[in-house]
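Protein chains: 2
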Amino acid sequence: MNIATLTILVPITGVIALLYAWTKARWINKQEVGTDLMAEISTAIAEGARAFLRQEYRVLIIFVIVVAALLAFANAGQANSSWMIAISFVVGAFCSALAGFIGMNVATKANVRTTNAARTSLGSALNVAFSGGLVMGLSVVGLGILGLGSLFIAYDSMTAWDISKVISVISGFSLGASSIALFARVGGGIYTKAADVGADLAGKVYEGIPEDDPRNPATIADNVGDNVGDVAGMGADLFESYVGSIIGTMVLGTAFLQLSEFQTAAFGELSPIVLPLVLAGAGILVSILGSFFVKVKEGGNPQHGLNVGEFGAAGFMAVLAYFIITWMLPESWVVGGSTITAMGVYYAVLIGLAAGTIIGLVTEYYTATGKGPVTGIANQSVTGAATNIIAGLGVGMYSTGIPTIVLALSIIGAFTFAGMYGIAIAAVGMLSVTGIQLAVDAYGPISDNAGGIAEMAKLPPEVRERTDKLDAVGNTTAAIGKGFAIGSAALTALGLFAAFMQQANVPNIDVANPTILAGLLIGAMLPYVFSAMAMGAVGRAAAEMIKEVGRQFAEIPGLREGTAKADHERCVEISTKAAIREMVLPGLLAVVVPVAIGFIDKSMLGGLLAGVTVSGVLFAIFQSNAGGAWDNAKKMIEGGIMVDGKKISKGSEAHKASVVGDTVGDPLKDTSGPSLNILIKLIAVVALVIAPLIA
Amino acid sequence: MNIATLTILVPITGVIALLYAWTKARWINKQEVGTDLMAEISTAIAEGARAFLRQEYRVLIIFVIVVAALLAFANAGQANSSWMIAISFVVGAFCSALAGFIGMNVATKANVRTTNAARTSLGSALNVAFSGGLVMGLSVVGLGILGLGSLFIAYDSMTAWDISKVISVISGFSLGASSIALFARVGGGIYTKAADVGADLAGKVYEGIPEDDPRNPATIADNVGDNVGDVAGMGADLFESYVGSIIGTMVLGTAFLQLSEFQTAAFGELSPIVLPLVLAGAGILVSILGSFFVKVKEGGNPQHGLNVGEFGAAGFMAVLAYFIITWMLPESWVVGGSTITAMGVYYAVLIGLAAGTIIGLVTEYYTATGKGPVTGIANQSVTGAATNIIAGLGVGMYSTGIPTIVLALSIIGAFTFAGMYGIAIAAVGMLSVTGIQLAVDAYGPISDNAGGIAEMAKLPPEVRERTDKLDAVGNTTAAIGKGFAIGSAALTALGLFAAFMQQANVPNIDVANPTILAGLLIGAMLPYVFSAMAMGAVGRAAAEMIKEVGRQFAEIPGLREGTAKADHERCVEISTKAAIREMVLPGLLAVVVPVAIGFIDKSMLGGLLAGVTVSGVLFAIFQSNAGGAWDNAKKMIEGGIMVDGKKISKGSEAHKASVVGDTVGDPLKDTSGPSLNILIKLIAVVALVIAPLIA
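Heads up: the protein sequence lines correspond to chains R and W, in order.
Numbering that gives the first Met the number 0 puts the first residue of the first sequence at 0, with every later residue one more than the last.
Numbering that gives the first Met the number 0 puts the first residue of the second sequence at 0, with every later residue one more than the last.
Hint data in this document are derived by calculation from the structure and do not stem from the laboratory.
All of these numbers come straight from a predicted model, not from anything done at the bench.
Any given hint might turn out to be false.
The list treats identical chains as one, so a pair stands whether inside a single copy or across any two.
Think about it this way: if two alpha-carbon atoms lie no more than 20 Å apart in a straight line, the pair counts; the simulated EDC-like pairs of lysine to aspartate or glutamate are [what the hints assert, rightly or not]:
| hint | residue 1 | residue 2 |
| --- | --- | --- |
| 1 | K634 | E560 |
| 2 | K655 | D212 |
| 3 | K649 | D212 |
| 4 | K645 | E543 |
| 5 | K546 | D643 |
| 6 | K646 | D566 |
| 7 | K645 | D35 |
| 8 | K646 | D600 |
| 9 | K296 | D155 |
| 10 | K646 | D161 |
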């Protein structure tokens with residue numbers, strides 16, 4: 000096999016993913032929708048979601064054109080690289096946006112069909128929900144690898160450039176992905192929580208407005224939000240990590256160019272550069288394979304089926320990676336005085352796979368019902384909202400411990416085995432099974448929606464019981480997914496960080512140098528201010544939503560009695576506009592600061608990258624896990640718990656306290672926390688893109 | 000003047016401070032106590048405070064002996080330095096403990112006398128409260144400079160060592176100060192909030208128990224806590240910063256030894272080493288001078304008087320420093336290829352003075368009643384506890400922005416003017432007016448106590464009005480003081496960090512090196528886990544307190560009716576034991592981690608120091624300011640505010656929501672947040688002390 004064949008095979012795995020996703024989507028489409036009321040509710044949700052995407056994409060197009068022009072202009076001196084980096088950027092943005100569009104479209108179809116399937120059996124409901132998630136997962140990896148692989152082939156064959164320049168230009172793809180991720184994750188996060196918090200609080204501000212009731216005009220926006228934030232947002236987040244980790248590794252692979260050891264390697268000096276692409280392609284096939292094992296019998300635990308699929312895929316990937324790496328790389332080579340072996344690279348990949356799994360499991364421990372931390376928060380709710388909040392903050396803080404140590408050891412381990420290239424390829428290893436990982440993630444909000452539809456459509460209790468069973472598992476998988484997303488963002492950012500240092504020709508990031516230390520400090524501060532902006536945005540948007548709900552109840556006669564219909568569209572519009580308006584400032588912060596600092600002093604930008612990554616990872620874990628733990632503490636109390644011999648359940652004072660915790664946690668775990676994943680990657684990508692200009 | 004005369008003059012300024020503090024303490028003692036009930040209450044508080052100190056010191060003595068032995072043993076190979084570093088450590092611990100003892104003793108006398116003076120006039124009440132604070136402030140700086148100066152003279156005259164070794168041995172003094180600070184700040188923080196939260200929540204758990212009422216057995220413990228945490232804890236915190244900054248500068252001053260430029264300087268090659276001592280000595284005299292300007296007329300604003308004293312002292316110090324520095328240092332000298340000037344060193348001192356003031360003022364903006372941030376939280380309380388909490392978290396996050404930028408610019412500025420020595424001496428500049436700064440700080444809890452006593456002793460409303468006026472100002476000064484404490488801790492830690500690098504012979508802290516990056520990550524995580532431990536400790540201790548309060552109300556007949564007396568002592572004992580028990584684990588964490596990492600890899604310890612400092616400063620600012628803002632948002636609502644045309648005041652649902660915020664903020668601002676100051680300094684000091692062993 001020669002390099003031309005191989006680099007064509009890689010995009011083909013992307014095509015396979017998309018084709019398989021397409022058959023799955025067609026299958027979902029063919030399932031029954033159920034009653035007329037169910038169809039009506041699901042249509043409203045689907046239309047709301049599309050309305051958001053339309054609005055978002057309208058702004059996005061302008062944004063993409065402006066940034067593409069800026070990129071072309073800024074690189075104007077660099078021969079024809081200027082328009083090529085702009086094209087990479089546009090293609091990256093397009094692929095990410097398309098993946099989001101497909102994923103959300105299918106999710107808003109799968110939700111009602113999951114509800115309907117739940118009228119028959121748990122197994123068929125799981126099948127529909129998971130299939131919906133799988134379409135999202137495969138679209139992300141398929142479009143990621145197809146876009147990246149095609150660009151690589153095109154640039155490599157069209158230009159007479161050396162390979163370093165080709166890869167440098169491709170980094171624009173990653174910037175495109177990051178830009179969409181910013182819109183989808185930050186904007187989506189603001190959308191979903193503005194609707195959720197607004198719907199919940201309207202009842203507090205105006206008398207007699209039911210919370211969580213179909214008559215509340217914000218409920219549809221709330222359901223739309225689950226799709227916008229948790230499906231499309233998470234998808235864009237992992238799309239960014241996925242392509243970022245691959246590009247970071249490709250850049251670092253150029254350090255091995257012209258080494259004599261690679262002249263006889265499977266694909267010559269390109270071997271270490273195309274290796275991440277090949278691993279990602281293999282991961283796609285493994286993900287599809289894993290998806291066949293996701294099944295559950297009536298009365299069984301859906302978690303088990305998902306675990307078999309996910310861990311099975313990871314295990315199979317671990318085996319496959321061995322054969323790929325030992326086949327593609329020479330047994331060992333020497334660079335900068337130290338020896339790297341193919342086995343070392345393989346160990347780095349294994350470290351990445353293992354670290355992702357461990358961080359996910361630790362996240363689950365800190366946020367799952369029944370485990371010590373969440374039980375502690377539930378017990379502390381008896382003495383009121385304040386102790387509930389204090390306990391949740393404590394859990395969030397504690398939960399940073401093990402993941403940080405795992406990351407630290409992974410970094411040392413991957414570097415020891417394969418240098419900087421090892422750190423980057425560990426991220427690729429972690430993300431290689433993103434296809435099925437994201438399927439399991441996206442399954443959660445689909446099941447959540449399915450439950451909401453069952454409630455709104457007044458279906459019999461056994462349906463709700465089945466969807467609740469799916470949803471409870473969905474909370475756990477969401478927690479694991481969030482841990483995975485943060486861990487992969489950290490490793491990806493570090494890979495990009497190393498790539499930036501190489502491209503910008505920064506020899507070291509010595510924090511004993513005061514300028515770099517100042518960069519470190521400012522970088523560490525950004526996640527705080529960025530989070531504050533995101534939380535403030537949710538607060539303002541929720542306030543608008545509350546006012547609108549109050550207006551509708553005051554002005555629409557018969558709404559309270561259930562004889563007139565609420566104006567859902569208006570609420571969807573408010574959330575949409577607020578989300579898009581409010582994400583501008585944090586977005587600018589994430590782009591302007593690294594560019595400004597970079598042109599002041601490139602080493603200071605290095606310090607900034609280190610600061611924002613370290614501080615961002617910790618603050619994200621803290622916020623996400625505190626939020627997840629509060630949510631499940633509330634769920635535990637709703638299920639009934641015993642504290643000091645007294646039964647505590649729904650409607651008690653302790654329950655009210657736990658609702659406060661849940662509401663506080665909402666923006667932390669769904670808006671500001673996950674937005675930090677984007678912040679740290681986006682800043683790293685921006686640094687990488689401007690690296691040749693400040694080198 | 001020769002060096003011998005000068006180094007004797009330095010400790011003499013310490014003696015002057017102590018003598019002046021003694022006359023002030025005598026004067027306070029001579030003031031009237033007031034009614035019998037007032038005397039009884041104040042005696043209970045004073046006895047409770049002494050009980051805590053007795054228990055604490057009992058544990059401390061064992062701790063000090065063990066650590067001193069370990070120090071002597073670990074340094075056994077290094078000639079006679081082993082027992083000298085142990086002696087430095089014991090003297091440092093003793094001086095800090097003695098300062099805490101004096102300060103707390105006087106504070107528990109000044110509180111009731113302030114109440115009594117408030118029966119006559121505002122001016123005389125301010126005078127008593129401020130005098131109480133001044134005794135604490137002058138004891139801290141007096142014992143700090145006396146201890147440090149005496150050790151320097153003793154070692155310098157007794158041994159045949161070179162000056163570098165003398166200074167290395169003196170770093171044990173700083174470790175002693177840090178150890179006491181850990182006990183006083185962390186233990187004190189746990190004590191004060193266990194009592195406070197416990198007293199407040201008892202009413203929620205058991206029916207019919209009055210919150211904030213003299214019949215509640217935890218109220219005395221609550222008042223003791225103000226003295227333990229806010230007076231002794233803050234004192235130990237600043238004592239640690241004060242001596243840490245001086246020692247860090249002395250260590251860095253040794254880099255200039257044997258430079259030809261210093262042979263003709265005022266005190267030869269010792270000039271840059273004794274400069275921080277001289278500046279600190281001058282700061283003592285300036286602080287005493289400033290204290291004369293603290294006055295208020297009846298009906299006037301006490302804030303004005305305090306500002307005149309504090310800013311006046313800082314201004315005078317700025318002038319005096321010019322003469323001291325240009326007299327003591329040569330006009331310029333060359334080290335490592337770059338030129339440092341006396342004026343450059345002076346500018347670094349000015350930067351430190353200015354940075355401390357700016358950080359304090361920014362802190363005030365984010366936490367003061369009537370300003371935008373706190374008003375925002377108050378307004379958000381209308382929609383319940385959740386939005387109050389979210390708003391407060393947002394304010395805490397935002398508030399990290401400007402202080403971080405100020406710190407970053409100060410670091411760059413001080414370094415540009417005078418290298419690493421400049422960063423360290425900027426910290427000395429910031430801390431030179433600690434005497435009056437701490438007096439203004441400690442005035443707050445004394446006034447707070449005075450108000451509590453007025454309430455409990457059922458004095459007429461105009462007395463409470465006057466103490467409230469003092470207390471309101473005290474909240475602002477407390478906020479400024481906290482900002483100052485964090486800022487100075489950061490600069491001190493950086494000074495110690497630079498000193499560590501020099502002593503341990505670490506050439507750089509390149510975070511592109513994975514081992515160092517891993518250290519950075521783990522360091523950044525420590526403040527989270529440390530904070531979680533501190534908050535968990537408060538939770539557990541408060542739970543014990545709640546049980547005890549419930550028991551007393553159940554078992555003591557007549558307590559509810561007010562005919563029987565509560566067993567205050569038992570509550571004081573619970574807080575005391577819990578505080579001492581619970582501080583062991585976080586304390587161990589702060590000592591064991593740097594030692595373990597240091598012996599694994601000294602550069603990794605460098606990364607750890609950078610991580611813990613950066614992350615700790617941000618997390619401390621976030622926690623302290625969120626807590627301060629919640630507290631004052633509650634106070635604003637209690638004073639009555641208008642939201643959307645409706646009047647919101649005490650007893651409303653919004654007020655209840657703001658109480659939740661205040662309770663959540665309590666452990667953040669008084670336990671975990673301030674404890675981080677100690678964490679970052681203690682880890683840096685431990686690193687400095689073990690530096691010669693791992694060099």
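Practice task
Could you place K645 and E543 in one of the four classes (within, between, both, neither) given a Cα distance threshold of 20 Å?
Solution key: between (40 Å within a copy, 19 Å between copies)
Practice task
Indicate which option fits the pair K655, D212 if close means a Cα-Cα distance not exceeding 20 Å: within, between, both or neither.
Solution key: within (18 Å within a copy, 27 Å between copies)
Practice task
If the cutoff is 20 Å on CA atoms, where do K546 and D643 land: within, between, both or neither? Let me know, please.
Solution key: between (42 Å within a copy, 12 Å between copies)
Practice task
Classify it for me, K649 with D212: is the Cα-Cα distance of at most 20 Å met within a copy, between copies, both or neither?
Solution key: Classified as within: same-chain Cα gap 17 Å, cross-chain 32 Å, threshold 20 Å.
Practice task
Please work out whether the CA atoms of K296 and D155 approach to 20 Å or closer within one copy, between two copies, in both situations, or in neither?
Solution key: Neither way: K296 and D155 sit 50 Å apart in one copy and 82 Å across, limit 20 Å.
Exercise for the section: Have a look at K646 and D161 and pick one of within, between, both or neither, based on CA distance no larger than 20 Å. Expected result: This pair counts as neither: shortest intra-copy Cα distance 71 Å, inter-copy 71 Å.
Exercise for the section: If the cutoff is 20 Å on CA atoms, where do K646 and D566 land: within, between, both or neither? Let me know, please. Expected result: neither (41 Å within a copy, 32 Å between copies)
Exercise for the section: Go through the copies and call it for K634 and E560: within, between, both or neither, with a Cα cutoff of 20 Å. Expected result: neither (29 Å within a copy, 41 Å between copies)
Practice task
Evaluate K645 and D35 at a C-alpha cut-off of 20 Å and name the case that applies: within, between, both or neither.
Solution key: neither (44 Å within a copy, 45 Å between copies)
Practice task
Pop the pair K646 and D600 into one bin, within, between, both or neither, using alpha-carbon distances up to 20 Å.
Solution key: Close neither inside one copy (61 Å) nor across copies (53 Å); limit 20 Å.
Going through the hint list in order, the structure does not satisfy hints 1, 6, 7, 8, 9 and 10.
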